[in-house]
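For the record, the sequence lines run as chains Y and X.
When the letters of the first sequence are read in order and numbered with my numbering, they come out as residues 1 to 318.
When the letters of the second sequence are read in order and numbered with my numbering, they come out as residues 1001 to 1498.
Treat the hints with care, as some may be off.
Claimed, not checked - Computed list of chain Y residues with no C-beta within reach of chain X, every gap over 12 Å:
#1 E30
#2 P234
#3 N267
Unchecked claim - So these bits of chain Y aren't anywhere near chain X, every CB distance computed over 10 Å:
#4 S83
#5 T114
#6 V291
Claimed, not checked - Just so you have them, the derived chain Y footprint on chain X, three or more residues with Cβ under 8 Å:
#7 1045-1057
#8 1106-1115
#9 1176-1184
#10 1189-1202
#11 1311-1323
The set of hints was computed from the structure by calculation and includes no laboratory data.
In this text, a Cβ means the ideal position worked out from N, Cα and C, and glycines have one as well.
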Amino acid sequence: MHLKSSLAALALAASSLAIFASPSYAEYPEKPVEMIVPYGAGGSTDVLARLVAEYGEKYLGQPMVVVNRPGAGGQIGFAAIASAKPDGYTIGWINSGILTSPIVRPDVTFNIDTFDYVANIVTDPGVLAVAGTSDYASLEDFLAAAKEKTLTVSHEGVGGGDHLAVLQLESEADVEFNLVAFNGDAEAKAALMGGHIDAIEGNVSEQVELVEDGQLKPLVVWDSKRNADLPDTPTGKELGYNIVASSSRGLGGPKGMDEDALSKLRNAMVKVTEDPDFQADLKKLNMPLDVLVGDDYRAFMQEQDEGYKKLWAESPWQ
Amino acid sequence: MEAILAAAANIFEPSTLLVLGIGTVVGLFVGALPGLSSTMGVALCIPITFGMDPANALVLLGAIYTSSVFGGSITAILLRTPGTDASIATTFDGYPMAQRGEGAQAIGMALVASLVGGVFSVCVLLFVAPPLSRLALLFGPQEYVYLTIFGMISILGVSGGNPTKAFISAALGLLLATVGFDLFTGYPRLTFGQDELFEGVPLLPALIGIFSVSQAISLCTGEADIGAGNMIKTKGRTLPAWSVIRRCGRTLFKSSLIGSAIGILPGAGTSVAAFISYDEARRRSKTPEAFGKGEIEGVAAPEAANNAVTGGSLVPALTLGIPGNAVTAVFLGGLTIHGLVPGPRLFTDHAEIVYTLILSLFLANLAFAALGLFAAPWVARVVKVPSAVLGPTIIVFSVIGSYALRNSLFDVWLVLGFGVLGYFMERWRIPGAPLVIALVLGPILETNLRRSLQISGGDWMIFFTSPLSYAIMALIVLTLAYPIFARRQQKKREQDAS
Chain Y
1 MHLKSSLAAL ALAASSLAIF ASPSYAEYPE KPVEMIVPYG AGGSTDVLAR
51 LVAEYGEKYL GQPMVVVNRP GAGGQIGFAA IASAKPDGYT IGWINSGILT
101 SPIVRPDVTF NIDTFDYVAN IVTDPGVLAV AGTSDYASLE DFLAAAKEKT
151 LTVSHEGVGG GDHLAVLQLE SEADVEFNLV AFNGDAEAKA ALMGGHIDAI
201 EGNVSEQVEL VEDGQLKPLV VWDSKRNADL PDTPTGKELG YNIVASSSRG
251 LGGPKGMDED ALSKLRNAMV KVTEDPDFQA DLKKLNMPLD VLVGDDYRAF
301 MQEQDEGYKK LWAESPWQ
Chain X
1001 MEAILAAAAN IFEPSTLLVL GIGTVVGLFV GALPGLSSTM GVALCIPITF
1051 GMDPANALVL LGAIYTSSVF GGSITAILLR TPGTDASIAT TFDGYPMAQR
1101 GEGAQAIGMA LVASLVGGVF SVCVLLFVAP PLSRLALLFG PQEYVYLTIF
1151 GMISILGVSG GNPTKAFISA ALGLLLATVG FDLFTGYPRL TFGQDELFEG
1201 VPLLPALIGI FSVSQAISLC TGEADIGAGN MIKTKGRTLP AWSVIRRCGR
1251 TLFKSSLIGS AIGILPGAGT SVAAFISYDE ARRRSKTPEA FGKGEIEGVA
1301 APEAANNAVT GGSLVPALTL GIPGNAVTAV FLGGLTIHGL VPGPRLFTDH
1351 AEIVYTLILS LFLANLAFAA LGLFAAPWVA RVVKVPSAVL GPTIIVFSVI
1401 GSYALRNSLF DVWLVLGFGV LGYFMERWRI PGAPLVIALV LGPILETNLR
1451 RSLQISGGDW MIFFTSPLSY AIMALIVLTL AYPIFARRQQ KKREQDAS
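From just these sequences and the hints, can you work out the full model?
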């Protein structure tokens, strides 16, 4: 009995959400905007989302409500964003997963063309690092050694951004590493510092502190310009590798969003990212601000999409 | 030393004490509610700390962390609903005690054990953190393989006297553990096209289903009766007698040691510590047959261990910037927000704040102990609630909790499915605990096994290279051989006697 009634209550709650999303005729926004986070509460995207929601309310004039829809490495949330009603009341957080998932799984219901792009907020460049005590002083040293013997490099799961960056390096430098998958940057860093592997591929923000401490030595940053936190580390392009890899997070909505709503959302995000308090909070979270609005954001995703498709065509990672 | 004194002065500021109290209460609720994990509790409070001064912020997060681990034990004991995987082992003996009307005593022992484990691990953190963290790095994937196997031995201890059935249960758990995205190939395994299974069978719905929904079904059908028909009086005082504590003394100490040690290892997990400690206590007991039927020592062991993990897991987090588990990873985020860079220099550059954190963990342990002591006799009366009310209520809470985890109806069906599975397993006398242990430890074992082989290029000799591997291997062999040895000794004694 209790079971039935609680299920009924859940169903009721679900249907009332549907009513909530009915079309509106007054000035946008006249009710709170739902912001889908495709990951669990407490993760880095979630923390960022809650911060943006807090400042967003000030500039949008309506609360922004964070809704966690985790699962399938973000695919459930991405699909929910892409299939939402394009009235501007449902947007969400997207990343390079919207590009790589459709390549590997053609049956997913989203790809680069099923989204409208509000703004990119954060970009955390990829970085290849060795232990502080290691003999390799540069990427050149490391690659030369890799031709002599097998070197072990970590990544965080096949098909992820860091895995693809290492694959791109292998193909451009004509070397072969022994690639080992880890569940996250913490375990990989521990294995590197304990001497169990030779190098790790990760993101700048995860490594800055250990670099400052001398525990890690970054060899290359996969970005088009030098990183403010690692000013002494060369970029891939400087070293002659056309590889750009990063973990970026931005806001998108379903394709064909209401024009007025889209431009208001973009304006609000520009104002949020210009707010000095927001910038200070973001810095505390160790997240590098990288604002790309509208078409610029789309172009940025487009460039990555082409890189991934090329890599897939040449050497599919599955 | 100066820093420690300054930190002590910080702690007794009224605002700090207030924050400590709030954090403890919040943590207890977070731990007790099945839909909320310690990680979420800490994560959701981080934005609140933005405006606080660094010391108070860390006190808040530390209090939530420590007390949430204890909070999960209360429901594990009374309702057989572990709030997190850290409290799974607590249900083994805690719930039978509650059924006998000794819920308050079980909570009392859990409280003492948590306090001992918590304080012990904070001492470890305070005195030997930096050297220990270097030691933890020696653990490579191959050592984690051995460590997880060590944890799996505890399955034998919860076999309910029928190893074959326990084996079936564990095998089912291992099979379920293989579901989900394969990190090493990039393919989803055994998901049957269900996106919700992409990240594997979610642990909490499985836990809640097997342990508590199954029990709730039995309550509804009238097969099981918590508190034997509600006639039984909840008896005795909450705090265990001194003689009981002394009897459990060795277990408490050993479990604290195991918990602190495993906490230091990034990637091992709280439940591993609880399982190993439980098994160790059972094996060393003079009455191992009493375990699983409401032996108070079986509550003491996992409780001391899971709270000892809290201090241990902060060792690599504070000294190296490498979190020991998901909660401390979030915790680290909280540290950096306040301009504290984890690493060896943290203890010198920000000594006062670090020691404030460590001392506040001491106080947080005392605070949840005091709160628990006050609340235990009251919450233990839950056994007096008629089964016809309690059963459905547990199911409702399980459904809501599992829905809240991912906002997914799929998980609700999962929790109910596991509930029915657990119910029938119980009817057929197949123990549910081996399934859950295998489900928790399976992925750790598999990823580390395959990771080791990736590193060695497929050479199995990697498992026979390091002295550390040999040491854990020896422990495993000793643990397995001990019962045989003990039985032989006993037989010999009997023969001599006759």
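Checked hints:
For E30 (chain Y), the non-interface assignment is confirmed: its Cβ lies about 25 Å from the closest Cβ of chain X, beyond the 12 Å cut-off. Distance check on P234 (chain Y): its Cβ is at least 24 Å (rounded) from any Cβ of chain X, clearing the 12 Å threshold; non-interface status holds. The Cβ of N267 (chain Y) lies farther than 12 Å from every Cβ of chain X, with a closest approach of about 24 Å, so its non-interface assignment holds. Every Cβ of chain X is farther than 10 Å from the Cβ of S83 (chain Y); the closest lies at roughly 13 Å, confirming the non-interface assignment.
With a least beta-carbon separation of about 16 Å from chain X, T114 (chain Y) lies farther than 10 Å from that chain, consistent with its non-interface assignment. No beta-carbon of chain X is positioned within 10 Å of the beta-carbon of V291 (chain Y); the least distance is around 21 Å. A stretch counts as covered by a chain when three or more of its residues have a beta carbon under 8 Å from one of that chain; for the stretch 1045-1057 of chain X and chain Y the count is 3, and the coverage holds. With 0 residues having a beta carbon nearer than 8 Å to a beta carbon of chain Y, the stretch 1106-1115 of chain X misses the requirement of three or more and the stated coverage is violated.
Using a Cβ-Cβ cut-off of 8 Å, 4 residues of the stretch 1176-1184 of chain X lie near chain Y, which meets the minimum of three, so the contact claim holds. With a threshold of 8 Å between beta carbons, the proposed coverage of the stretch 1189-1202 of chain X by chain Y holds, since 4 of its residues qualify and at least three are required. Residues of the stretch 1311-1323 of chain X with a Cβ under 8 Å from some Cβ of chain Y number 5, which satisfies the need for three, so the listed coverage holds.
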